[in-house]
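S.K.: Using the hints, position chains L and F against chain Y.
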Amino acid sequence: MYKEIEFRVNGNKVLYSGNPLRRLVDVLREELGLIGVKEGCGEGECGACSIIKDGKLVTSCIIPVGACIGSEILTIEGIRDTEKGKCIVDAFRDGGAVQCGFCIPGMVMAAYALLQSNPTPTEHDVRVAISGNICRCTGYDLIVESIMLAASRGGELWQ
Amino acid sequence: MAVANYIPETLDEALLLRKAEGAIPLAGGTDIMVQNKRGIGLDPILDRPVMIIAGLKELKGITLHEDGSVEIGALTTAGEIASSLVVPWHVRMAASGMGAVALRNSATIGGNIGNASPKGDLPQPLILLDAEVVLISFGGERRMLLDDFIKGSKKTDLRSDELIKSVIIPPHDFTYSYYRKIGMRKANAISKLSLSAAAVVKDGLVVDFRASSGAAGPKVIRSREAESMIIRRSIEDIPEIVPDFLDAWDRAISPHAMPKYRRNTTARMLTRFLEAIVNEEDHGIIE
Amino acid sequence: MPLTSIDDKVVRVDAEAKARGEARYIADYSFPDMLYAYMVRSSVPRGRILDIHLPQLPEGYYFISAKDIPENGRNELWMIGKDWRCFADGDVKYVGETIGLLVGPDRNILSYLLDNTKIDYEEEIPAVTIDDALSLKGGVIYGEDNVLCSLYCEKGRPMKDVFDEADSVFTETLETGFQEHVHLDTNGAIVTEEDGKYVFYVSAQCPFYVRKSVAGLLGLNYDDIIIRQVTTGGAFGGKEHFPDVLCGPLLVAESIIHKPIKLIFERKEDMLYSVKRHPSKTIFRTALDKDGNIMGIEGTIYYNCGAYLSASYVVLQRGVFHANGVYDFPATYLKGVGVATNTFPSDAFRGFGAPQTLFAIETHLDHIARKFGFDPAEYKSRYFLKKGGETVTNGHIVEEVKLPEMFKQIADASDYFRKSAEYGIGSGKGIGVSFYNHGGAFTGNGEQAIIKAHARLVKTGERVRIEVGSTEMGQGFQTALRKIAANALGIDIEDVDYPNPDTSLVPDSGPTAASRSTMIVGKIVEECAKEMKERWAEGDFSVEKEYEHPEGHPWDQSTFRGDAYLGYGWGAAIVEVEVDRITNEVKTVGIWTSHDIGHAIDALIVHGQVNGGVIQSLGYASMEKMENRNGHFRQESMSDYVIPTSMDFPKQEWLLVDNPYEWGPQGAKGMGELVFNGADAAYVDAVERALGITVTKIPIPGEDIEEALENV
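Note that the protein sequences, when read in sequence, are chains Y, L and F.
The numbers in the first sequence follow this note's numbering, run straight up by one, and end at 159.
The numbers in the second sequence follow this note's numbering, run straight up by one, and end at 287.
The numbers in the third sequence follow this note's numbering, run straight up by one, and end at 712.
The following block holds chain Y by itself, in its conformation from the complex (with noise of 0.2 Å):
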């Protein structure tokens, strides 16, 4: 039986032995800060939550944090300095793909998901991607093209 749970986030070692049902969005943002990580409906259904576990896009609102043994856990505060971060973010700046905000640290992990599994995505392939991540404001299309943007600019930084 686990009595603590190790993990990292953004690299950095996490050791927490509270209770193991606690969402891991309350960890990220209380505990560590993590502010760029949002919480929009607290039950897995706008996205604004996403961060990738283990390589996979996930929404820490409805995951406990007593499933995150071993895990590697990347927030928008853990890519927004790294080459590929910085060329998400670039390209939703440029691209206009920004507009209240609120959904686009989410939005930004799952293009950054995507890309890492698909370097040249098709528009639908985009669309699929960030169907998880509800945005009000921008109808989606200057995301998705800023997605593309990311995308064909960073070329072999996703290969």
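What the hints contain is simulated information worked out from the structure, not anything from laboratory work.
Since this is a predicted model, take the numbers as computed values, not measurements.
A virtual CB, placed ideally from N, CA and C, is assigned to each residue, including glycine.
Do not take every clue at face value.
As the list claims (entries may be wrong) - Derived pair list, reagent style PhoX-like, types lysine-lysine, alpha-carbon separation capped at 25 Å:
{"hint": "1", "chain 1": "L", "residue 1": "K186", "chain 2": "F", "residue 2": "K697"}
{"hint": "2", "chain 1": "Y", "residue 1": "K3", "chain 2": "L", "residue 2": "K57"}
{"hint": "3", "chain 1": "F", "residue 1": "K268", "chain 2": "L", "residue 2": "K154"}
{"hint": "4", "chain 1": "Y", "residue 1": "K86", "chain 2": "F", "residue 2": "K9"}
{"hint": "5", "chain 1": "L", "residue 1": "K119", "chain 2": "L", "residue 2": "K260"}
{"hint": "6", "chain 1": "Y", "residue 1": "K84", "chain 2": "Y", "residue 2": "K13"}
{"hint": "7", "chain 1": "L", "residue 1": "K119", "chain 2": "L", "residue 2": "K154"}
{"hint": "8", "chain 1": "F", "residue 1": "K429", "chain 2": "L", "residue 2": "K260"}
{"hint": "9", "chain 1": "L", "residue 1": "K186", "chain 2": "F", "residue 2": "K429"}
{"hint": "10", "chain 1": "Y", "residue 1": "K13", "chain 2": "L", "residue 2": "K57"}
{"hint": "11", "chain 1": "F", "residue 1": "K197", "chain 2": "F", "residue 2": "K212"}
{"hint": "12", "chain 1": "L", "residue 1": "K57", "chain 2": "Y", "residue 2": "K56"}
{"hint": "13", "chain 1": "L", "residue 1": "K119", "chain 2": "F", "residue 2": "K587"}
{"hint": "14", "chain 1": "F", "residue 1": "K197", "chain 2": "F", "residue 2": "K82"}
Said to hold, decoys possible - Some chain F residues close to chain L (C-beta under 8 Å, calculated; not the full set):
{"hint": "15", "residue": "I264"}
{"hint": "16", "residue": "E266"}
{"hint": "17", "residue": "N584"}
{"hint": "18", "residue": "E585"}
{"hint": "19", "residue": "M623"}
{"hint": "20", "residue": "V642"}
{"hint": "21", "residue": "T645"}
{"hint": "22", "residue": "P701"}
M.R.: Frame of chain Y; chains L and F shown alone:
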């Protein structure tokens, strides 16, 4: 105020917790964490202990057996099922239409079955395919048809000392296959209605015919009585059987909300599928 | 980077921080010793409060309610009316009405206290729908007849005479449902104290509204309260007046507790217990000659206002003034009635009353056109308003109306006429069209008589700071306004600052609403900038100006006659669909729009606004169903109240016509609401044609299409 929650390291530990405390297994969390959420900054509280089994390797993976059956470990995610080459088409379709990317990376087949929601995506095609569920406890394993295991909305035959170990899908070779899920929108949607159908046609004779309706009653509906009206009939006979068959199917389903839409759409989908058989359309997937 | 032209796309000032996750929304703020607040709300739609049973409150925990309002204060939130109570007292009028606040340091304990707070009610029968209200179900809620507000306007000959001469009268009732804003950033506010003043951090559109609304609770002067807007993650009207409902109780709590207190709604609270778009019911009676020409239209328009008036009278006015759409009919009589029900008060939502009646008139005209065998677009275009044309309030259109050109743009782009002719009615394929407009800024003389907006520019060295109360909530105003100022000043946009407003530091430029920010506030800023440019050599100084309404455009608010709006935005939309005849699933295959927003300030911002507004409108028409049964909303999460995803609608083709507006900054008019106002009707037209059905109510998910098909 809160009960203790656990993270077993091994399947044995999990089974022990199950036996000793009746601990509720939590795999992806996509149901339990949502149903028991209390708000921002607050941990979910259940009236029984929860054990987080997400890490149990014993319950993961997809195996193609020599007899052609496919065994899917309970902790296999919808995403893994959707991208597997050995999982039957109906099940892959259902898995790939579940929620969106992030949800598919968390939600597991065991959870989807154990939660037994009438709107759950995976039970519907699994029941079509006569899938069996393997249940494990210290007493050993037992197998039963998934259709028998799920007893009603949120009700299963799972004993308090058991865990779902895997699902076994027997081999099949359908001439025609059909799958539709209708959600409230095009993606990331709970099922409003779903239908799978399949048939084997040989020399103008319908050798096998089956269908299953999701979100059309307290559990997935397979009407063997209606199916038997089609089986062993020649395709020329089918047009005259269709009205009675549709009536029988309509009696079998019991949609609570949107009854007219669900009934009529189900009838239209079944009609479309039968039409493909009668017209001897190209074998394969019917749209 | 030197600024060359106003048309240049610029990078949004807020984009990078938001994309990097560095922008701080209200949920991201905390203060030392901060307490949390949970709302205790009514669980019944109508009744008397008999008793409130509180569990034993541990030390440091508080229950704040109407009893805590001091003698010199009043239990009212001053929105436009003052009828919305800060705390229910004695009775409750809707599910979710604030009864009290539980405040304390530990959310687990607060959650326990909330779960164990029991309220006894003597329940009464609620009136929920417009028909309930009109039939006085359960007894009168308001006045003698449940009519909270009403108005009428007329033009041309009396409709009675027109009906007498008509060959036929086409009567139809058209309805629209509730719509929830679903800004991703839920409502939230924090109150604290600084140097003897109450300070609010709040996710809001209108900081000065909050200050005005809550001051009376404690009998305070406005200067005793400071409102600081924080990065606001979407609003769409849902944070125009509604933040008052959070800040009022917080202010009362703060006056007793004197510690920072944070109140954040979770999604379920935002869904169930926040304002919505007004449901509507419009009855049109249209007088027609034998050839199907329109002789006149009579409209009776009902809006479900919920339990309090709040801003409903103004919403209703806009609904009535837009009820003839973009058309000039010879005669019209339009009456608006806002009724009181036991539902959560309806309030501002992008379009502010116009979308309901625009849907109604567009769909009604489609039905008349089809009845007489005309192409709806051709039929409607006969009646387009023109410059100088008379509006329903006997005012006149001041600008060139470019609808024919706009329609040609999108008809060509979509191949409308070929498809319209080729796709037979009921063929499963359909193409639909709609025309719409949106009056810019406040209705009537609101800008000059009520708002009296001020803006200030402050020059420090070579930098200029914009001081206004207008807010960025995602629409791009921080970028647009900086661009307007920089362009007028002839300096780099990087040298212009525009921080989130703090009411103690900036003049009141009026609410960020009514598509008025660019048109009105932008104009004042431009005027300030022009003066500042002339005096640039004077060193450090500031320029402040008040809005000046152009002369010669009278408005009488008592009779609703005159120029209701000094300029409109105009739009035309075409939507193409394919309907699966087995499942009734509608697939939208094309969206084409053209808008006249004067002269666009920034192409990229405009692109984003068009896309977003159009998709919200398509969601409104197709899937966004919010039902209320017996006073309870049935949809409480983002899985049962669904809004469009990236998969639901295809990439849009959007076009503009350039039509510089005389009184706007650099020729710009408002656009934020316009782009919501028409795609819904085009979608409905397309679905109707594809299936040969008649739709009189939105939204139309598959199950409602099934019903409509049965009636064919």
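S.K.: Taking only the CA atoms, is the gap from K119(L) to K154(L) under or equal to 25 Å?
M.R.: Holds - the C-alpha atoms of K154(L) and K119(L) are around 10 Å apart, at most 25 Å.
S.K.: Is the Cα-Cα distance between K84(Y) and K13(Y) 25 Å or less?
M.R.: 22 Å, holds
S.K.: Does K212(F) lie within 25 Å of K197(F) when you go C-alpha to C-alpha?
M.R.: 15 Å, holds
S.K.: Does K429(F) lie within 25 Å of K186(L) when you go C-alpha to C-alpha?
M.R.: This hinted pair holds, its Cα atoms lying about 18 Å apart.
S.K.: Regarding the pair K3(Y) and K57(L), is the alpha-carbon distance no greater than 25 Å?
M.R.: At roughly 19 Å apart (the allowed maximum being 25 Å), K57(L) and K3(Y) satisfy the hint.
S.K.: Check the hint pairing K186(L) with K697(F) against an upper bound of 25 Å on the C-alpha distance.
M.R.: Measuring from Cα to Cα gives roughly 22 Å; hence the hint holds.
S.K.: Given the hint that K268(F) pairs with K154(L), does the C-alpha gap stay at or below 25 Å?
M.R.: 23 Å, holds
S.K.: Need the status of pair K429(F), K260(L): alpha-carbon distance at most 25 Å?
M.R.: The given pair, whose Cα atoms are some 24 Å apart, holds under the 25 Å limit.
S.K.: Just to be careful, I want the Cα atoms of K13(Y) and K57(L) compared with a cutoff of 25 Å; is the pair within it?
M.R.: 23 Å, holds
S.K.: Sort out whether K587(F) lies within 25 Å of K119(L), counting only the CA atoms.
M.R.: 23 Å, holds
S.K.: Per the CB criterion, is E585(F) less than 8 Å away from chain L?
M.R.: 6 Å, holds
S.K.: Given a cut of 8 Å on the nearest C-beta pair, is the interface hint for E266(F) held or broken against chain L?
M.R.: This hint holds: E266(F) lies near chain L, its Cβ roughly 5 Å from the closest one there, short of 8 Å.
In this structure, none of the earlier numbered hints is contradicted; all agree with it.
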